[in-house]
Amino acid sequence: MKGTQLGELEEIILLTVGALFDDAYGVAVMNEVEERTSRKITISTVHAALKRLEEKGFCESRYDGATKERGGRRKHLFRVTAAGEKALADSREIRNGLWNSIPDIAFNRSE
Amino acid sequence: MNKEEFWIDRLLQRFCKNDLYEGIKGDLYELRDYEIAQIGLRRANRRYQWRAMGFFRYTFFRKIDQLKLNIAMWHNFLTITLRNLRKHKAYSIINVLGLAIGMAAGFIILQYVYFETSYDTFFENKENIYRVQTNRYNKGQLSTQWAAGCAGVGLHMKEDFPEVIDFVNMHQSGAMISRDKNYFQPKFAYYAGETFFQIFSIPVIQGNRETALSEPYTVTLSESMAKKLFGDTDPMGQNVKLNDNDNFMVTAIFQDFPEKSHMKFDILYSFDTYAIYSGEESRTAWQWDGFLNYVVLQEGTDVDKLASKFPDWIIQREGEELAQYNAGMEFVLQPLSEIHLTSDFRSEIKPTGDKTATIFLLIIGMFVLIIAWINYINLTTARSINRAKEVGIRKVMGSFKSQLVHQFLFESTFINGLALIGSIVFVLLAFPYFNDFIGRASSYSWPNEGWFWIGLSILFVAGILLSGFYPAVVLANFKPVTVLKGKFSGSAKGNLMRKGLVVFQFLASIVLITGTYIVHEQLQFLQNQDLGFKSEQTLIIETPSFSADSIRQVRESVFKNTLNNESFVTGLANSTAVPGKTPGWNAGGLRLLSQTSEEAHQYRVIGMDKNFLDFYDLEVIAGRKFDNSHGNEESNILMNEAAVKRVGFNDPEEVLNKDFYFWGDTFKIVGVVKNYRQESPKADYDALVFRYFDSPNGLYSVGLSTTNIRASVDEIEAHWRSAYGDKPLEYFFLDDYYNEQYKGELKFGSIFSLFSGLAILVACLGLFGLASYMTNLRTKEVGVRKVLGASFSRLLLLLTSDFLKLVGIAIVISVPISWWVMSSWLENYANRIFLSPLLFLVPALILIVIAMATVGYHTYHTSNLNPAKTLKDE
Numbered sequence: 406m407k408g409t410q411l412g413e414l415e416e417i418i419l420l421t422v423g424a425l426f427d428d429a430y431g432v433a434v435m436n437e438v439e440e441r442t443s444r445k446i447t448i449s450t451v452h453a454a455l456k457r458l459e460e461k462g463f464c465e466s467r468y469d470g471a472t473k474e475r476g477g478r479r480k481h482l483f484r485v486t487a488a489g490e491k492a493l494a495d496s497r498e499i500r501n502g503l504w505n506s507i508p509d510i511a512f513n514r515s516e
Numbered sequence: 018m019n020k021e022e023f024w025i026d027r028l029l030q031r032f033c034k035n036d037l038y039e040g041i042k043g044d045l046y047e048l049r050d051y052e053i054a055q056i057g058l059r060r061a062n063r064r065y066q067w068r069a070m071g072f073f074r075y076t077f078f079r080k081i082d083q084l085k086l087n088i089a090m091w092h093n094f095l096t097i098t099l100r101n102l103r104k105h106k107a108y109s110i111i112n113v114l115g116l117a118i119g120m121a122a123g124f125i126i127l128q129y130v131y132f133e134t135s136y137d138t139f140f141e142n143k144e145n146i147y148r149v150q151t152n153r154y155n156k157g158q159l160s161t162q163w164a165a166g167c168a169g170v171g172l173h174m175k176e177d178f179p180e181v182i183d184f185v186n187m188h189q190s191g192a193m194i195s196r197d198k199n200y201f202q203p204k205f206a207y208y209a210g211e212t213f214f215q216i217f218s219i220p221v222i223q224g225n226r227e228t229a230l231s232e233p234y235t236v237t238l239s240e241s242m243a244k245k246l247f248g249d250t251d252p253m254g255q256n257v258k259l260n261d262n263d264n265f266m267v268t269a270i271f272q273d274f275p276e277k278s279h280m281k282f283d284i285l286y287s288f289d290t291y292a293i294y295s296g297e298e299s300r301t302a303w304q305w306d307g308f309l310n311y312v313v314l315q316e317g318t319d320v321d322k323l324a325s326k327f328p329d330w331i332i333q334r335e336g337e338e339l340a341q342y343n344a345g346m347e348f349v350l351q352p353l354s355e356i357h358l359t360s361d362f363r364s365e366i367k368p369t370g371d372k373t374a375t376i377f378l379l380i381i382g383m384f385v386l387i388i389a390w391i392n393y394i395n396l397t398t399a400r401s402i403n404r405a406k407e408v409g410i411r412k413v414m415g416s417f418k419s420q421l422v423h424q425f426l427f428e429s430t431f432i433n434g435l436a437l438i439g440s441i442v443f444v445l446l447a448f449p450y451f452n453d454f455i456g457r458a459s460s461y462s463w464p465n466e467g468w469f470w471i472g473l474s475i476l477f478v479a480g481i482l483l484s485g486f487y488p489a490v491v492l493a494n495f496k497p498v499t500v501l502k503g504k505f506s507g508s509a510k511g512n513l514m515r516k517g518l519v520v521f522q523f524l525a526s527i528v529l530i531t532g533t534y535i536v537h538e539q540l541q542f543l544q545n546q547d548l549g550f551k552s553e554q555t556l557i558i559e560t561p562s563f564s565a566d567s568i569r570q571v572r573e574s575v576f577k578n579t580l581n582n583e584s585f586v587t588g589l590a591n592s593t594a595v596p597g598k599t600p601g602w603n604a605g606g607l608r609l610l611s612q613t614s615e616e617a618h619q620y621r622v623i624g625m626d627k628n629f630l631d632f633y634d635l636e637v638i639a640g641r642k643f644d645n646s647h648g649n650e651e652s653n654i655l656m657n658e659a660a661v662k663r664v665g666f667n668d669p670e671e672v673l674n675k676d677f678y679f680w681g682d683t684f685k686i687v688g689v690v691k692n693y694r695q696e697s698p699k700a701d702y703d704a705l706v707f708r709y710f711d712s713p714n715g716l717y718s719v720g721l722s723t724t725n726i727r728a729s730v731d732e733i734e735a736h737w738r739s740a741y742g743d744k745p746l747e748y749f750f751l752d753d754y755y756n757e758q759y760k761g762e763l764k765f766g767s768i769f770s771l772f773s774g775l776a777i778l779v780a781c782l783g784l785f786g787l788a789s790y791m792t793n794l795r796t797k798e799v800g801v802r803k804v805l806g807a808s809f810s811r812l813l814l815l816l817t818s819d820f821l822k823l824v825g826i827a828i829v830i831s832v833p834i835s836w837w838v839m840s841s842w843l844e845n846y847a848n849r850i851f852l853s854p855l856l857f858l859v860p861a862l863i864l865i866v867i868a869m870a871t872v873g874y875h876t877y878h879t880s881n882l883n884p885a886k887t888l889k890d891e
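As given, the protein sequences belong to chains A and B, one line each in that order.
The numbers in the first sequence follow my numbering, run straight up by one, and end at 516.
The numbers in the second sequence follow my numbering, run straight up by one, and end at 891.
Be aware that a few hints might be false.
[Stated by the list, open to error] Partial list, computed: chain B residues near chain A (C-beta under 10 Å):
hint, residue
1, D36
2, I41
3, K42
4, L45
5, E47
6, D50
7, M70
8, T76
Don't read these hints as lab results, they were simulated from the structure.
Note that CB positions come from ideal geometry on N, CA and C, so glycine has one too.
Make a model of the complete structure from these sequences and hints.
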């Protein structure tokens, strides 16, 4: 189904949102992704991905926790929904299935 | 210190969905805060803005859902606008039509003015190129203003002033050019100094622009002239013949000069050749005129300062020589791109433009546009009462004032938009005719410079906003309570404003009517002048350019004899000049033998044969004509009355038989010719001296008796061929030639009338609408008055008096304006009409009649209604 498919970046970000539980907002997600994948990612890309994920129903958001560093603005916090969790699980399932179907000999050719 | 707001924040806030903005802004802020510590405030701020830029993507855009309300609102505006347009068809048509005519006229005039003012702007380095124009004085009086002036001025300026870094001198050539017996008498042939192509950036298609004119006997051709002479063969390195005599090698082909230049050259011979023909003096002489001189000034030269050095320089160089003849000289530096509009002197390369006419047209164009917009304002505000209830209801329902302003601005934009479409149609339809009308080359195309269109758009948008803004604010300001109570009846301030605008319209109209009338009268006056000579059915043929040898004389007498034997030829004369232009022969230092050289003057000279005076019916008022009964006519001269005055006598008889000193020879004055309009009825009579020649080089005048001109010309051409062989026959008709000098005026007159007519038409349209509305408002009042016994004339007076008062004010204001403008226009003419009161009275009457007719029509209509009908409701 179109629209419920997870893109590669989306999957990583959704996973990060899960990992950062309850403190998943733009800057935190960006930093986490950069740290884990050691690839550069812009803040607007993160926001765009989060918004798409929300539109697809894979995560939900609320505003909370105004701090001084943010000039008194609240954080836009994201959280993985049940549907999101299922999408991640499905994606993992597919990968696992594919992993399992690779014959041993395919990766051990050199030995 | 972190509180700074960036412009991009505001933009972002507008762009993004409301619920996303806080999170985005917060994240941006947090990142910046963190980075300030790391990389400093300035770099952090820069990164902040760069990052913010990343959010302008479709995902975050506040989409239609948040604009929906507005769309509904605009949709409603459109509906109401269309409904109003349809409900009041007459007003709508008047509004749109008036605006469309105004815009079309404005556009056409603007592009015309733009065309006239952008001559010669395509030349590189145009800011530093100047033409040296020469003025000659005779006894302290300005005698001749030359476009092509003194020969050596360019060269000597370059020698003496470090500011002058380059120059080029040019001289017109009247020679015939030919290739393989294929003859042409080119109009725009000049000898030009070798620097010509270095100074003027006209593209050279073939050949080397640096060296093309540096050798004697070389020639460069325009593309089209090369086509004419050589067809498809390559002209480079080929020879052409000058006057069937000398060979010239083609060294370059240059692009044809564009229409938008005061220059036009088909053929440029090297000036070195001219120096061989006429002597090295032609490079340096100061008392020899007819040479175009262009100089290039050092970048950043103060031109006024340079020009202020000229008087002393002239005295230093030429003072003694000038003092001898009590003469004076003056040089004027003409900026290249201003020559077309500001210069109209002797021997211009081609006819130049007229600055006054261009400014007049610009003013008229703006008048038409402004009148059209005033119409819109007047009609809209006058009819605002109709809309008052709508405004009241909208306000009660919670509409903001700004929304109401938007609504009426939208309406005006919509109506202006309709008018714009209409005007585009008008322009497309009228454009070819207009170009024809003003005699512009067919090669003319629309202005393609971007800024012309940008300027035009700005003008139109400004007009639309200005004309829409006032009514919009007026309408939006209505107070719901008064309006809905039904007490509303327009404000005094609004009425005053409207009256002021109407007065302005009347004023503009009457100035235009007066202007048109006076221009027309002056042109009539000029054309009805007694020219003092006969010009009908006269064919002028240019004498062939041969060297004057015996063979030529034989051929010429053959030609003259055959013509004289033709039955359709009524007369034949031969002269150096014919009426219609200042004679080219301009001789200074002439005086009576008995006078001192200080009393010498400058005269124009015409060489003529025995037939000339009779041919043109010129009257001799003292002495005699040249005739056969006297022996040595070559040593006799005639002069006209103006020349008698210049010599210093009032009575023509007094100069008879006096000896006249002319360039080292002595002549006897044998007759005085009555003044006639040799040059033009626009100017004063010039002092003319007539000398006798058996067959002067210049022009044959041939009188024709037949109505079948075409056939006669064909026969003449046949005779020409048998006498002169392949030389081309160049001819024109005298009345065309003579009227050529009115062409500018006539063109100006008709353009002026056309656009004044349009302006008046538009003003009338507005007046018609306004009057109709005003009388409509008073329908009930008229009904009551009728019931009480008012007569029609009484009602007419009542309803029209308001308008007549305004007309009266306009007329009073207009008289000094028209008088001032038109008398400054008439200054251009030495021979002009007197500005009599009648010239102002007639236009005033015309305006009163137009206003009365417009208003009276509605009054008549209203007062003819049955009071029972108009009074029955309410």
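| field | Contradicted hints - numbers only | value | Structure breaks no hint.
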